[in-house]
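**Student:** In case you want the letters, here they are:
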Amino acid sequence: MPRPSALLTVNNLSVDFYSSDKHVISAVKDVSFSIHKNESLGIVGESGSGKSVTLLSLLGLLDSQTSKTQGTIQFHQDNPNSKTHFISREKNTAKQKYQSLHGNEISIIFQNPHLAFNPYFSIGKQISEMIRLHTSIKSKTQAKQRAIHWLKKVNMDAPEIRYYNNPFGLSGGMCQRAMIAMALSSEPSLLIADEPTTGLDATLQKSILQLLNELRIENHLSLIIVSHDLSIINSLCDRVLVYLNGMIIEEGLRDEVLKAESNNHPYTESLVHANHLTHVQEVSSANSINSMGCPYLNRCQKVYSQKSDKCVNEIPPLRKTSNTHSIRCWAFEIHD
Amino acid sequence: MTYKFLSYIFKENSIRLKLGYVFCVITVVATVFICSLLEIYPYHPEEMNLNAILSPPFTQGHFLGTDYLGRDILSRLMYGTQAYVLPGLLAVLIAIIFGSLLGVMSTFSQRRVANFIKFSNQLILSMPRMVLLLLFIAIFEADIYVIMVVIGISNIPSIAQLIAGRIDLLKSHNFIQSSIATGIKPGKIIFKHILWYNCRIILVNQTALAMAEAVLMETSLSYLGFGVQEPIASWGNMVQAGSNYFLQGQFWSSTLPALAIMLVLSAFYLLSHTVNQVLEQR
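Which chain is which? The protein sequence lines are R and C, in order.
Counted from 1, the first sequence has number 279 at position 279 by the working numbering; the numbering is strictly sequential.
Adding 336 to a residue's 1-based position in the second sequence gives its number in the working numbering.
Only chain R is shown next, with the shape it has when bound in the complex (with noise of 0.2 Å):
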C-alpha cells in the first residue's frame, strides 16, 4: 500500500529479457519499493543485480521487442487526478500518459554523459530545447537566459561560452554538470542517476555528489541514485535498496542497512566490509546461482550453521525486521 507522502509507488515490478533462442532471463524479479517526497533513495548492488534494468523500466526506456515488464508503477501529482501508470503492452493510453511524465516529472542522469548528450548539438542549445519543451517559457531569448541560469546554478565557469560548446569540447566533470543542468532545467519532482559519477576522479566525485545534495534540497527533489559504491550512497540517501540477482534482499533507513554492527543480510555485510578493502568476497559467476533457493546461498557463511535446507530449496520472503528495515533472509526467522 502506498503511504500517503508516496511519489512513486513500484509494485511486482519484473523485467524479462528474450534472447534469440529464447531463452528467457529475468533481470528484476517482483520488486516492490516507493520513494517519498524530498527523499534520496540509493539502489546498491553488484553490476547485473538489476539496478539500471529498474531504473530504465521506470522511464519506459526498455525495448518492447526484446524485453517484458510486468508490474505497476504509479507516479503521485499534486494534483487530485494523479496519473497512474500500469505497464502492460495492451495499455497503450496508460503508456502514453506515462510518457508525459518523462522530462516534465522524472528526470534522469546518465552514467556518461559524452554519449548521453546529441554529438553535433551545443549543450547550450539542448538545455534550452528541454526548457521550452517542459516549462511556460517559450520565447528562444528567454530560454537561453534560462539555459545559462541553470549553467550557473551547476557551477559551469563561464556559461555564456560553455553554452556554446559541443559535449565533445567538454571535460567529463563539465559535462556532467551540464547533464544535471538539463535534467533539472525541466524542474521536475524526482531526478534519477545512474551512477552518476562512475568515469570521475575522485575529487570530481566529491564536489558532484555536493551538488547534488544541494539542489535535490533547494528545489525539493526526490533522488533516486543508483551506485555500487557505497561511500556515494552513505553520503547522499535516506533509505537504501539493495538488490541482489534481481531481487531486493534489504530495504531500510541509510542508518539501518549500511552500519557494520547492525543487524544485517550477509550480503549487506560483505559489501560493507568489501568498501573498507579488508575482506573482498569472492564473487561466484552467474551461472553458480541457485534458481530454486537463496540467490546468495553459494557465497553465504550463515547457510552451513544454519537453515540450510530452506536455504537450498526456497527462495526468502522480503520480511520486516522493524518498521522501516526488511530482510529478505531465512536466519532471520527469529526477529519476525
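Treat the hints as calculated values from the structure; they're not laboratory data.
Just so it is clear, CB atoms sit at the ideal spot from N, CA and C, and this is done for glycine as well.
Be aware that one or more of the hints could be misleading.
[Unchecked claim] Distance condition first, Cα-Cα at most 25 Å in a straight line; then the derived SDA-like pairs of lysine to any residue:
(1) K521/C x L133/R
(2) K125/R x S343/C
(3) K22/R x F527/C
(4) K138/R x K528/C
(5) K125/R x S508/C
(6) K528/C x H114/R
(7) K521/C x N104/R
(8) K528/C x Q145/R
(9) K125/R x N451/C
(10) K507/C x D21/R
(11) K144/R x W532/C
(12) K521/C x I25/R
(13) K454/C x Y18/R
(14) K528/C x D21/R
(15) K125/R x E616/C
(16) K68/R x V449/C
(17) K138/R x E616/C
(18) K507/C x L61/R
(19) K68/R x V440/C
(20) K507/C x I25/R
[To be verified] Here are some chain R residues pointing at chain C (derived, C-beta under 7 Å):
(21) L61
(22) L62
(23) I108
(24) L115
(25) N118
(26) F121
(27) S122
(28) M130
(29) Y163
(30) Y164
(31) G172
[What the hints assert, rightly or not] Covered stretches of chain C (chain R as the covering partner; in silico rule of three or more C-beta atoms under 8 Å from a C-beta of chain R):
(32) 427-440
(33) 516-526
Starting from the known structure of chain R, arrange chain C on it as the hints suggest.
**Tutor:** Using the frame of chain R, we list chain C on its own:
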C-alpha cells in the same frame, strides 16, 4: 604542374578554394540550365549551318565551334544540361528520401521487417547497375526520367545502410534513450536529432555523390546510344558524335563536352569532400 595544382586543391586548408570552385561550377550550370529552359541560345541547338561544318573554336559567330553537322557546340552544351539537371535531381531525391526512411525503418522496426529491408538492400546492391539499366532500357524502351528513377532506386540501399549504421552507432551510446527519457517526441528525435543533426553529413555527402553518379550514368548511357537520342543534345551523345572526328584533328567537338562533364563531376566530388571536412569538425 598538374600534380602540384591537384595536390593543392586536395590539401586540408584549401577549403575556400574548393568551395569557390564548386560554387562557380554549380552557378554556371544552374545559369546555363535556366537559360536553356528560357531558350536563350546563340543558335538553336538543332540548327545546322552547312557552311561552317566542323569549324574550330573562336570562329566568328561560333564561340566554341561547330560539330560535324554544323551545329553550334555552345548551344548544344547549354541544351545538354537539360538532360541531367532535372532527371539527376529526381534520382537524388528518390535516393535520399527513401534511403533515409528505409534506414530509419530498418533500425526502429520489428526484427522481421528489418531483416526484409536488409535482405532487399543486399539484393539490389548485388546487381551490377549498368547491366540493370541496359536490361531495363531493352525491355521498356525507357526515356531519361524513367532511367533516372531506376538509378535513384539503385542508390537507395547504400544510403539506407549508411543511415542504419549511423543509427546503430548512436543506439550503442545512450543518446537516443536519453532523448526519449527527456520527453522529446519520437518524430522530433528521428527527424531533428538523428536525421538532421547526426546524419546530415551522410545525407549531404550522398546527395553530391548521387548527383555525380547521375550525371555519369546519363552521359555514359547517351554515349552508348541508350540515353538521350540524337538529334536532341546531351553531353554523352555529343562526345560520341564527335569521337569519329577526334583522330582527324577536329578534336573540339568531342573534347569540349568531355571537359564539361569532367568539370561538373569534379565539382560534385569536391563538394562531398569539403562537406565532410567542414561538418566533421565538431
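**Student:** Under the criterion that the straight-line Cα-Cα distance not exceed 25 Å, is the pair K68/R, V440/C satisfied?
**Tutor:** holds, 24 Å
**Student:** Does the interface hint hold: is G172/R within less than 7 Å of chain C, judged Cβ to Cβ?
**Tutor:** violated, 15 Å
**Student:** For the segment 516-526 of chain C, do at least 3 residues have a Cβ located nearer than 8 Å to some Cβ of chain R?
**Tutor:** holds (count 5)
**Student:** For the pair supplied as a hint, K528/C and H114/R, confirm whether the alpha-carbon distance does not exceed 25 Å.
**Tutor:** holds, 19 Å
**Student:** Hey, K68/R versus V449/C, does the alpha-carbon distance stay inside 25 Å?
**Tutor:** holds, 20 Å
**Student:** Does the alpha-carbon distance linking K528/C and D21/R stay inside the 25 Å limit?
**Tutor:** violated, 36 Å
**Student:** The hint names L61/R as touching chain C; please verify it with the least Cβ-Cβ distance against 7 Å.
**Tutor:** Hint on L61/R: holds, closest Cβ of chain C at ~5 Å, below 7 Å.
**Student:** Under the criterion that the straight-line Cα-Cα distance not exceed 25 Å, is the pair K507/C, D21/R satisfied?
**Tutor:** holds, 23 Å
**Student:** Min Cβ distance, L115/R to chain C: is it shorter than 7 Å?
**Tutor:** Interface hint status for L115/R: holds (4 Å vs cutoff 7 Å).
**Student:** How about I108/R: closest beta carbon in chain C under 7 Å, or not?
**Tutor:** holds, 5 Å
**Student:** Taking 25 Å as the top limit, are the C-alpha atoms of K138/R and E616/C close enough?
**Tutor:** violated, 31 Å
**Student:** Counting residues of the segment 427-440 of chain C that have a beta-carbon nearer than 8 Å to any beta-carbon of chain R, does the count reach 3?
**Tutor:** violated (count 0)
Checked against the numbered hints given earlier, the structure breaks hints 2, 3, 9, 12, 14, 17, 22, 27, 29, 30, 31 and 32 and satisfies all the rest.
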